[in-house]
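> The primary structure of each chain is shown beneath.
2 protein chains.
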Amino acid sequence: MKNLIPGGFPELLPEKKVIENSMKDIIKSNYEKFGYVNIETPSVELNEVLTSKGGDEVSKQIFGLYGLKQGAKDMKEYALHFDLTVPFARYVVEHENELKFPFKRYQMQKVWRGERQQRGRFKEFTQCDVDVIGDNLGIEYDIEVIHTLYNTIKDMFEFLKINRGIEVHINNRKFIDALCGFYDITGESKKNFYELLDSYYKTTEEEFLKGKYNSDGEQIKKGLSNISGKKFEEIFEILKTDISDLQFGDKNLQENFEEVKKTYDSLKSKGVNVVFDPFITRGLDYYTGTVFETFVSKYFDFGSICSGGRYDGLVGDIRKLSGKKGKNYGGVGGSIGLTRLFARLEDSGLLEKNIPLSDAIVLNVPNSNLEYREKVGNLLRDSGIKTDIYYPEAKLGKQFSYATSKNIPLGIFAGEEEEKNNSVKVKDLDNRDSFEIETNDLVKFIENKLKKIL
Amino acid sequence: MKNLIPGGFPELLPEKKVIENSMKDIIKSNYEKFGYVNIETPSVELNEVLTSKGGDEVSKQIFGLYGLKQGAKDMKEYALHFDLTVPFARYVVEHENELKFPFKRYQMQKVWRGERQQRGRFKEFTQCDVDVIGDNLGIEYDIEVIHTLYNTIKDMFEFLKINRGIEVHINNRKFIDALCGFYDITGESKKNFYELLDSYYKTTEEEFLKGKYNSDGEQIKKGLSNISGKKFEEIFEILKTDISDLQFGDKNLQENFEEVKKTYDSLKSKGVNVVFDPFITRGLDYYTGTVFETFVSKYFDFGSICSGGRYDGLVGDIRKLSGKKGKNYGGVGGSIGLTRLFARLEDSGLLEKNIPLSDAIVLNVPNSNLEYREKVGNLLRDSGIKTDIYYPEAKLGKQFSYATSKNIPLGIFAGEEEEKNNSVKVKDLDNRDSFEIETNDLVKFIENKLKKIL
Numbered sequence: 086m087k088n089l090i091p092g093g094f095p096e097l098l099p100e101k102k103v104i105e106n107s108m109k110d111i112i113k114s115n116y117e118k119f120g121y122v123n124i125e126t127p128s129v130e131l132n133e134v135l136t137s138k139g140g141d142e143v144s145k146q147i148f149g150l151y152g153l154k155q156g157a158k159d160m161k162e163y164a165l166h167f168d169l170t171v172p173f174a175r176y177v178v179e180h181e182n183e184l185k186f187p188f189k190r191y192q193m194q195k196v197w198r199g200e201r202q203q204r205g206r207f208k209e210f211t212q213c214d215v216d217v218i219g220d221n222l223g224i225e226y227d228i229e230v231i232h233t234l235y236n237t238i239k240d241m242f243e244f245l246k247i248n249r250g251i252e253v254h255i256n257n258r259k260f261i262d263a264l265c266g267f268y269d270i271t272g273e274s275k276k277n278f279y280e281l282l283d284s285y286y287k288t289t290e291e292e293f294l295k296g297k298y299n300s301d302g303e304q305i306k307k308g309l310s311n312i313s314g315k316k317f318e319e320i321f322e323i324l325k326t327d328i329s330d331l332q333f334g335d336k337n338l339q340e341n342f343e344e345v346k347k348t349y350d351s352l353k354s355k356g357v358n359v360v361f362d363p364f365i366t367r368g369l370d371y372y373t374g375t376v377f378e379t380f381v382s383k384y385f386d387f388g389s390i391c392s393g394g395r396y397d398g399l400v401g402d403i404r405k406l407s408g409k410k411g412k413n414y415g416g417v418g419g420s421i422g423l424t425r426l427f428a429r430l431e432d433s434g435l436l437e438k439n440i441p442l443s444d445a446i447v448l449n450v451p452n453s454n455l456e457y458r459e460k461v462g463n464l465l466r467d468s469g470i471k472t473d474i475y476y477p478e479a480k481l482g483k484q485f486s487y488a489t490s491k492n493i494p495l496g497i498f499a500g501e502e503e504e505k506n507n508s509v510k511v512k513d514l515d516n517r518d519s520f521e522i523e524t525n526d527l528v529k530f531i532e533n534k535l536k537k538i539l
Numbered sequence: 086m087k088n089l090i091p092g093g094f095p096e097l098l099p100e101k102k103v104i105e106n107s108m109k110d111i112i113k114s115n116y117e118k119f120g121y122v123n124i125e126t127p128s129v130e131l132n133e134v135l136t137s138k139g140g141d142e143v144s145k146q147i148f149g150l151y152g153l154k155q156g157a158k159d160m161k162e163y164a165l166h167f168d169l170t171v172p173f174a175r176y177v178v179e180h181e182n183e184l185k186f187p188f189k190r191y192q193m194q195k196v197w198r199g200e201r202q203q204r205g206r207f208k209e210f211t212q213c214d215v216d217v218i219g220d221n222l223g224i225e226y227d228i229e230v231i232h233t234l235y236n237t238i239k240d241m242f243e244f245l246k247i248n249r250g251i252e253v254h255i256n257n258r259k260f261i262d263a264l265c266g267f268y269d270i271t272g273e274s275k276k277n278f279y280e281l282l283d284s285y286y287k288t289t290e291e292e293f294l295k296g297k298y299n300s301d302g303e304q305i306k307k308g309l310s311n312i313s314g315k316k317f318e319e320i321f322e323i324l325k326t327d328i329s330d331l332q333f334g335d336k337n338l339q340e341n342f343e344e345v346k347k348t349y350d351s352l353k354s355k356g357v358n359v360v361f362d363p364f365i366t367r368g369l370d371y372y373t374g375t376v377f378e379t380f381v382s383k384y385f386d387f388g389s390i391c392s393g394g395r396y397d398g399l400v401g402d403i404r405k406l407s408g409k410k411g412k413n414y415g416g417v418g419g420s421i422g423l424t425r426l427f428a429r430l431e432d433s434g435l436l437e438k439n440i441p442l443s444d445a446i447v448l449n450v451p452n453s454n455l456e457y458r459e460k461v462g463n464l465l466r467d468s469g470i471k472t473d474i475y476y477p478e479a480k481l482g483k484q485f486s487y488a489t490s491k492n493i494p495l496g497i498f499a500g501e502e503e504e505k506n507n508s509v510k511v512k513d514l515d516n517r518d519s520f521e522i523e524t525n526d527l528v529k530f531i532e533n534k535l536k537k538i539l
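Same order as they appear, the protein sequences are chains A and B. Start counting at 1 in the first sequence, then tack on 85, and there's your number in the numbering used here. Start counting at 1 in the second sequence, then tack on 85, and there's your number in the numbering used here.
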């Protein structure tokens, strides 16, 4: 027996898919409430656009396209996108004259990466991004993006009855840059310093102080050639302090600290559970200011479920490729990794909610008339009630089991007797209560019943 | 200046995308009303699954995948899907034990084909499919699928204020097969006969009678070696008759005619504008019974906007590949080609509807407090009103022009004066009426206002 689904490409059964769809609806409605508009970019971009911004690690994971029948000679100049930020920047350059700025958009699409297969890593996954792009964007937009994402995840957890808090950890690259400036950490050392900070949550504090090994097997701390052990511990002490009260003697350090402080205070005032966390740096090198990651409180090993930040160079880089002239817009955005979040929630047993796949089912009662059963079913459908009509002749037990597998709460009997009375019998498939209802009153009855059940 | 978007991959501006999204919502809600449940399959399938069912023409259009950085040596064993029917059949084989039959599902996803670039042909497009798969499926499901699709398109046209009728043209391959049997049209001739019927709407009647040229440049009629000219005209006369009244002397012909007659009558009784049309055959060779195409009445050059049919072998073929044993399910389904339909409607100037991208916008009034403006904006958002907050300092004219570009109907002024009175000024951005409203009453006021405007 052969597996016909390629590894690393997940697919869901209908009863799980309906939960994912509800999560998507909540994301969509929250993004729209905050004034973001939807766009969709093609699944592909030109190779040169993708590789200009992918970084080496991501570049290796890009899926190129070729004509399957034609073979290797028919390689295309475009490949599947690996994220939605690069396509968005390209979209802005492309449609600049037709858009008004600040341009606030959201995108919910699949992206592809040739990741090595492992639990929670997928070759195809859905991302749900919000971003703003504009000229001289104030940090109000950093705040709005984070506020939007926080509200979205809160709504989603509430809907799914997941009683866990969420906290947004924010930092600002300008502040870390200023810190590097103050301590004279430059060049290669600065890169290593960022990498070291980023490793904080992936190791113990003891190991962190020793300096974790990076992907090339070198100790990161050794790469920090211009920081002595003493200096390093001094910086570390600062970073560990409850930084929301910090005051710096240095003017530059203080000024760059103000931006993250302001972001923090504004989010607090809007009810966002925000944490100032200098160990958040975000790997990708296009970030230039605010950076953030979102965690489930007390469940840090759940991983970050939503992250993003400010990037001021991205559009300019893509613009250079196009040869177009224009403003060098900055941007800020964030993303919910829906596929990964869903998989995490499922693995943790938190996706227990049952959502009916239809509201009602018209059963195939022996000796009933097809026309009457269809008339009743279509009457409900016309009122927007999701109604399944069961057509095959089958024992009622089999029909009930079909209804149960779709979580359908109400069964409709429209048999010979009922047809005579121009009525139907409605059965609550959960508690088995049943009601004889005149056809004229049926829609109202079902609507009320559903309100109580759902 | 270089074009950064690959040819044949369409993308929309936000004001068009919101129309496409509304069309998707209407499709989704209709499919669900009829009891279909949503699934999504990966964008890729194994090459052998795709090529087993693609047919040669489609096979040439399949996009294979390889590692972009790694080059031709890194070709994958999976490729992008070219339709949703083959993936669905694979899904059924894969998850057979977890599904209940008849399995009624819908799928709304992108598919990819390496089509030569031309107006209305895309390399990437969205299809919206409904299908039922089951053991011994009755033709009630053929009828239900067509009823579902007809209602969907009717709703969509109504929403878009497109005042054009829709008609579903149905035929049945069993009937055409029986006709071939009666007239002794077999083997290669039968294939040519199907091709000839299919060409009916693409040519004049005179040319049709002469026999249209096929893709190899041969005259199709010449390929019909076992039909004399007289016999051909006799068949053609039958096909041209108002066939809903037809009676056949031949038992086999009459029996196979009954199925399409029953389908026709049942659809009529449900209010579907159905036409019996023996010239509809559908190119793909997996269809075995009912086939249909949907047209805009009196606008046949608009092309078919939705089509499908009954296929009884598809699942079995995919099952063979898997080496699994099990039932040889039959299926019936149809598809709305959303991208193509959208492009057609747009080209015909029929997509005139303006849908607001947000409901309201809080303007940046001079000397106003950021905190108050945000308080008002977030109050609306909390009630589900799509609210944009304009943050940059800019002249009101520029802000109005931003609002207009997003079709936003209501502007909110929350300035110094208003803050003192704990109120705001709401301006109807269309007729410029303006209202001073207390903050406590604001949500209700806006909701009522929107009800009247939208």
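What the hints contain is simulated information worked out from the structure, not anything from laboratory work. Among the hints, erroneous ones may be present.
Note that the list lumps identical chains together, so a pair holds whenever it fits in one copy or between two copies.
Said to hold, decoys possible - Calculated pairs, DSSO-like style, for lysine-lysine (alpha carbon to alpha carbon, straight line, at most 27 Å):
| id | residue 1 | residue 2 |
| --- | --- | --- |
| 1 | Lys158 | Lys87 |
| 2 | Lys195 | Lys109 |
| 3 | Lys276 | Lys307 |
| 4 | Lys145 | Lys161 |
| 5 | Lys87 | Lys405 |
> For every hint, state whether the structure bears it out.
Hints, verified against the model:
Proximity of Lys158 to Lys87 under the C-alpha cut-off of 27 Å is restricted to the inter-copy arrangement: shortest distance 25 Å between copies versus 30 Å within a copy. In this assembly of identical chains, Lys195 and Lys109 lie within 27 Å of each other by CA distance both inside one copy and across copies; the values are 13 Å within and 17 Å between. In the homo-oligomer, the alpha carbons of Lys276 and Lys307 lie at most 27 Å apart inside one protomer (12 Å), although the nearest pairing across protomers, at 75 Å, exceeds that limit. Proximity of Lys145 to Lys161 under the C-alpha cut-off of 27 Å is found in both arrangements, the shortest distances being 17 Å within a copy and 14 Å between copies.
For the homomeric pair Lys87 and Lys405, the shortest alpha-carbon distance between copies (10 Å) is at most 27 Å, but the shortest distance inside one copy (48 Å) is not.
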